[in-house]
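Enquirer: Chains as they are written, first to last, in the numbering used here: chain S, -2 to 213; chain L, 207 to 382.
It should be emphasised that the hints constitute simulated quantities derived from the structure, not laboratory data. Be aware that one or more of the hints could be misleading.
Across the chosen pairs, the derived CB separations fall in these ranges [as the list claims (entries may be wrong)]:
hint: 1; chain 1: L; residue 1: 213; chain 2: S; residue 2: 198; range: 33 to 43 angstroms
hint: 2; chain 1: S; residue 1: 10; chain 2: L; residue 2: 246; range: 37 to 47 angstroms
hint: 3; chain 1: S; residue 1: 201; chain 2: L; residue 2: 374; range: 38 to 48 angstroms
hint: 4; chain 1: L; residue 1: 261; chain 2: S; residue 2: 205; range: 38 to 48 angstroms
hint: 5; chain 1: L; residue 1: 303; chain 2: S; residue 2: 52; range: 21 to 31 angstroms
hint: 6; chain 1: S; residue 1: 176; chain 2: L; residue 2: 325; range: 43 to 53 angstroms
hint: 7; chain 1: S; residue 1: 40; chain 2: L; residue 2: 256; range: 44 to 54 angstroms
hint: 8; chain 1: L; residue 1: 217; chain 2: S; residue 2: 209; range: 21 to 31 angstroms
hint: 9; chain 1: S; residue 1: 175; chain 2: L; residue 2: 261; range: 41 to 51 angstroms
A few chain S residues facing chain L, derived, Cβ under 7 angstroms [claimed, not checked]:
hint: 10; residue: 52
hint: 11; residue: 57
hint: 12; residue: 61
hint: 13; residue: 62
hint: 14; residue: 123
hint: 15; residue: 182
With a Cα cut of at most 35 angstroms, we get these calculated DSBU-like pairs of lysine-lysine [unchecked claim]:
hint: 16; chain 1: S; residue 1: 137; chain 2: L; residue 2: 334
hint: 17; chain 1: S; residue 1: 179; chain 2: S; residue 2: 137
hint: 18; chain 1: L; residue 1: 259; chain 2: S; residue 2: 179
hint: 19; chain 1: S; residue 1: 179; chain 2: L; residue 2: 334
hint: 20; chain 1: L; residue 1: 334; chain 2: S; residue 2: 141
hint: 21; chain 1: S; residue 1: 179; chain 2: S; residue 2: 141
Remember, predicted model here, so these are calculated numbers, not experimental data. Where is the CB? At the ideal position from N, CA and C, for every residue including glycine.
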Amino acid sequence: MELASAIEANLADAIAPNLTSADAACDLYEAYVFTLVLRAARVENFVVTYESVGQAPLGTFIFRTSPGHVYTNTHAYCYAVITSQEGLELEVHVGVMVRGRSHVAHECDVLVVERQEAIECRSNRVDPRHTRSELTVECKFYSKTLALGLLRSFIGLSADLNGAENRLVTNVTSASVARLFKAHNRYWTDHLSPGSDGERRFVGEVASVLHRFQSQ
Amino acid sequence: MDDTERDELYELLVNTFERAGLEWVTDEVADLVAEGFEAQVTAAEWTGSGRPKKSESRTTRRPFTSFERVDLLLEAVGRVVSQGVAIEASLVDHFRSERESDQSETALANRQVKEPGSFSRRIAPPSKLVFRSSTSQDVADERAVELEASDFIDSRQRSALVLFQMIQQLRTEVSP
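Isolated chain L, as found in the complex (with noise of 0.2 angstroms):
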């Protein structure tokens, strides 16, 4: 594979990995390619202004190239992919742990703590983790972990390392 089939590849998996919702993925390692790649180099490479002495080295940042380009974006596809499932599924794991260990708890749930003034309740180990925004009343935009669904977890970590040995070999293939 040369430089140019190699530009190729990073624009066509920058899209795919847009439509997939990881556009935030691809504007960092963007941000990351805008400012080059960083290097020590020796007093003998330096080429910028200013003389350092024989024994220093320097910071310096040069274009990344086509291949380091294609490498960073699938490490970092391949990076929030297998952790983002690992995470869900220590969560599920937590919670579920969680519930087997004390079943007195949901005896207690939904007691009203006391404390004053209090709306404050105890509730029990809980099945399902709900993300909602502290500023609006609307859940219309809440995402979910359903804890219990583990089989649904299950098939997702498996077809998280499915794609992450599919870049894995993807990062072997455009390499030089």
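Chain S extracted, bound-state conformation (with noise of 0.2 angstroms):
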């Protein structure tokens, strides 16, 4: 019981803000993953810069906390700009949605879809088609092991944004979810945490998909 009231009086300090809450801990997961994508990029020889819809305060980058849409500005949410070599380019997104195969719109995670898709939806204020965008990923920050639910409502998402390639991924794993992934051929990068192995294969995937695209 002594060691319990040590761990109550070190927990304070050692639970960042951004852990307190469920959807505060996936949105920090979402941020990092994003980050991991540009890494994929620069290792695949793009250049990162980066946009606001509208001004953002100085020095700031705003993630949505709630899915929205490329061109919402009610506040000036930022995104990625990656490059290639030959000048082809994509945005990367977080929180924004996709018009999949039966014109309905899903919330992606994280979005890598092509600049001019992107341009003409913040024109036209529309969402950018699924056939317009090269990855989506669903990112899960979970305490514990995965829920079978959420691995089918994956499955439902992923066969109506067939234009683009969906991962799935997830800093803890489940058997149960991996025999499920194996069975339906789907893309689920598992124990993806800072230094994993994860982590590095994440990076390497996306790098692939990014290396398709300049090839095609």
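Using the hints, put the two chains back together into the complex; each one sits in its own frame.
Expert: Right, here's the structure in full:
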């Protein structure tokens, strides 16, 4: 019980304010995965720049905490532009909607979309098409094992967004989820956290997606 | 430590973690505990309805033991604390490196992007990350990560490491 008291005394200093709700922890995780996509872009020699929808306060990068649209300018939300050596441009967004095969819009935690498509969508105030998206990433940060229901919804989502490569990334793993993914031939990176094997695998896999984009 | 003491410790830890803002973690653990432990059993061990073949194994669930409940909770909190602080540090490293490697971006910052009807602007690699709802103009509930406050992040990393070690020690102490 003494150790339990010592743990209580140390909790406040060790827990980031961004970890005090499941949503906040997921927001932080999405931002981290966004930076991994940019790291993969650097691996493929893309140039990374940043933009905001409107004027962001100097030195501030604003992420969405709820699903939005690439054209939403409630706040000066920010995104990255990645440019290949050949001048091909993509944008990387967090928490935006994408139109699927069914014309229904779905939320993508991290989206890599053709720059021209994103420009037209901002201009026309519509959501990007999945056929003009290269990669969507669903990010899940959990304290414990994954629920199967989550995976079933991801499988449904990826069927509707089949124009892009759809990936699920999680900080934890689950044997039953692994079986389900294998059966459905879907992309999943488990154990994705800083310094992990999952991190190295994910960066390599995203770099492959970007490499294929350049080779098209 | 006997099972009654482990059950008391579990309740104490749940209250402690909830006071620290980790109710979402204790809720996830409680959901898992309510589901029970999933185990593969042989035909001989099977106690459910139906008759599995002799060579067949079956999946079943049983309640978690007192030790397993405490261990699940400590493992979950240990994971969230250690990965959370590592993610913050990773974000700090990423954007610090971007700022250092690309000073030219700062000069281009705040330029209007050339696109039809555009309100987009080029920005420099940031020194602060802000999380804001897209459904509200209100910024009162925004959360931020100060990327230049690396001393603060370092201090939190040290605290998280100490806490993680304590959690691991407690997991050892409660084991049967």
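Enquirer: Decide, hint by hint, whether the structure agrees.
Expert: A quick look at each hint next to the structure:
no., hint, verdict
1, L:213 - S:198: 33 to 43 angstroms, "40 angstroms, holds"
2, S:10 - L:246: 37 to 47 angstroms, "42 angstroms, holds"
3, S:201 - L:374: 38 to 48 angstroms, "31 angstroms, violated"
4, L:261 - S:205: 38 to 48 angstroms, "42 angstroms, holds"
5, L:303 - S:52: 21 to 31 angstroms, "25 angstroms, holds"
6, S:176 - L:325: 43 to 53 angstroms, "47 angstroms, holds"
7, S:40 - L:256: 44 to 54 angstroms, "53 angstroms, holds"
8, L:217 - S:209: 21 to 31 angstroms, "53 angstroms, violated"
9, S:175 - L:261: 41 to 51 angstroms, "24 angstroms, violated"
10, 52, "6 angstroms, holds"
11, 57, "5 angstroms, holds"
12, 61, "5 angstroms, holds"
13, 62, "5 angstroms, holds"
14, 123, "13 angstroms, violated"
15, 182, "23 angstroms, violated"
16, S:137 - L:334, "23 angstroms, holds"
17, S:179 - S:137, "19 angstroms, holds"
18, L:259 - S:179, "26 angstroms, holds"
19, S:179 - L:334, "40 angstroms, violated"
20, L:334 - S:141, "30 angstroms, holds"
21, S:179 - S:141, "21 angstroms, holds"
Hint compliance for this structure: hints 3, 8, 9, 14, 15, 19 are broken, all remaining hints hold.
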